[in-house]
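S.K.: Chains Z and R are the protein sequences, given in the same order. Just so you know, the first sequence maps onto residues 224 to 477 in the numbering used here. Just so you know, the second sequence maps onto residues 54 to 286 in the numbering used here.
Keep in mind that the hints were calculated from the coordinates and are not lab data. One or more of the hints may lead you astray.
[To be verified] One side only, chain R facing chain Z, incomplete, derived with CB under 8 Å:
(1) Ala57
(2) Phe58
(3) Asp59
(4) Ser61
(5) Leu63
(6) Gly64
(7) Thr65
(8) Asn102
(9) Ala183
(10) Gly188
(11) Ile198
(12) Leu200
(13) Gln202
(14) Lys220
Even for Gly, the Cβ is constructed at its ideal location relative to N, Cα and C.
Chain residues, written in single-letter form:
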Amino acid sequence: MIHLKNIHKSFGRLNVLNGINLTVERGDVVVILGPSGSGKTTLLRCINFLERPNDGEVTIGALTVDCRHPSRKDILELRRKTAMVFQHYNLFKHKTALENVMEGLIVAQKVPKKEARERSLEMLEKVGLSDKCDHYPSQLSGGQQQRVGIARALALNPELILFDEPTSALDPELVGEVLAVIKTIASEGVTMIVVTHEMGFAREVSNHVVFMDGGVIVEQGTPADIFVDPKEERTRQFLKRITPEWSYPMEALR
Amino acid sequence: MGKAFDLSLLGTFLPELLAYLPITLLILAASLFFGLLLGLLLAIPRLYNIPVLTQLVVVYVSFIRGTPVLIQLFLVYYGLPAVLGLVHLDLSRADPLLFVIVTYSLSSAAFLSETIRGAVNSVDLGQTEAAYAVGMTARQAFGRIVLPQALMVAVPNFANKVIGFLKDTSLAFTIGVMDMMGRGQTLISATAHALEVYISLAVIYYLVVIVLERLFAASERKLQQHERKWASA
């Protein structure tokens, strides 16, 4: 179980997160929605301490970290229980696809090389890139790079995978292949928190939707709760804005 | 005035001077070795924004960049014995080579620290974040992810600096070091064929620079393997 308690984060005088509480059960697929600047990405980055929260508590499984006095060991442990998929992929540029996936296993988890290799090959196969093992990131398309990023996260066998807008840097025609991979691993029971603007994906894959604005959680619930019957005015406005009218009456146009 | 120009003397001078190439290369290699170590140390305060040390490094680098290396050489040659004299270390019998290596190490460290800093800063922060996200410690992230990429960026700049340093070593003779240039001076005194000696020296320095350039180009290609697309793509 993952539990965030009263997370606060500010950059200088700018308060980005104002007391976030969130519970994620094992196997949950949580989608975080919200306008830009609402603090979604910052929240995600606070969970693995790429941003250090100013206050609050992060609990993953048996480990609870007090954000005010985190030890170096706490932070390392949090990071080893989680994995992250980045908006801009952030693959290690000087390493091949296979080496990218193996790196964390060998260096951070001290898995023997042979085992790490087998496991990494398996993960690359899962994301459909067995034939690209020896390619460097610069030789791969955006969609392929992001699939390697997902394989890298999966290989670590984390308790939680954090997806930070995994498709927003991709060309539109490459979004589908990445979403398909995320869907597959979601269906296999991997716990994940996904920040995304892909509404279709959020509706279809998630079992819990969180709507953030102004550094607080405005509303959360099942996809049906949020998409069909939002309680808060701000949620309604947001959903209306990002779902242009022409997207529903397709039949009417034919 | 020297004697009449005699091209055939090159055949004698070239091997005479080449015999002292190892001294020139020794100065270069030793000052690069210590310069890199010190340069790395000097780069750290600015990379991590350590107060006071950062300012000291900035002043040091600015001083080295702003003064001719020949003057630095004399400052060390006359200054080091004076300073060490205070702690009763006698350098009056020290080999002048020592002063040369100290000077060029101090000088190259300043330039190399800038190269290192620029190269490390050029590596996208996302690379470090990805390393942290897979559970690496700060040291692992730096050593395995940032440093190799920074080296790649640094090679072309480093190559230019090394070639510059090599040519700077030709000033070592001014404090009496017997490198190629020093040997050239004695040949001129002995034969009065200055032009032939300088032509020979020019040829040797030029050839060494060409060899160094080739070596760096090859290492650059090797380091940047991952940037190359498949030939078929």
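S.K.: A separate judgement is required for each hint: does it hold in the structure or not?
M.R.: We went through each hint and held it up to the structure:
Because the beta carbon of Ala57 (chain R) sits about 59 Å from the nearest beta carbon in chain Z, more than 8 Å, this interface hint is broken. Because the closest C-beta pair between Phe58 (chain R) and chain Z is about 54 Å apart, greater than 8 Å, the hint is violated. Checking Asp59 (chain R) against chain Z: minimum C-beta separation of about 55 Å lies over 8 Å; hint violated. For Ser61 (chain R), the shortest C-beta to C-beta distance to chain Z is roughly 53 Å, which exceeds 8 Å, and the interface hint is violated.
Annotation: interface hint on Leu63 (chain R) violated; nearest CB of chain Z at approximately 46 Å, more than 8 Å. The restraint placing Gly64 (chain R) at the interface with chain Z is violated, with a minimum CB-CB distance near 48 Å, outside the 8 Å limit. Given the 8 Å rule on beta carbons, the hint for Thr65 (chain R) is violated: about 50 Å separates it from the nearest Cβ of chain Z. Taking 8 Å as the C-beta contact cut-off toward chain Z, the hint placing Asn102 (chain R) at the interface is violated, the least distance being around 16 Å.
For the restraint placing Ala183 (chain R) at the interface with chain Z, the shortest Cβ-Cβ distance is roughly 4 Å, inside the 8 Å limit, so the hint holds. A cut of 8 Å between beta carbons decides the hint on Gly188 (chain R): the least distance to chain Z is about 3 Å, and the hint holds. Taking 8 Å as the C-beta cut-off, the interface hint given for Ile198 (chain R) holds, the closest approach to chain Z being about 6 Å. A distance limit of 8 Å between C-beta atoms decides the matter here; for Leu200 (chain R) the minimum to chain Z is near 10 Å, and the interface restraint is violated.
A distance limit of 8 Å between C-beta atoms decides the matter here; for Gln202 (chain R) the minimum to chain Z is near 5 Å, and the interface restraint holds. This hint is violated: Lys220 (chain R) has a C-beta 32 Å from the nearest C-beta of chain Z, more than the 8 Å allowed.
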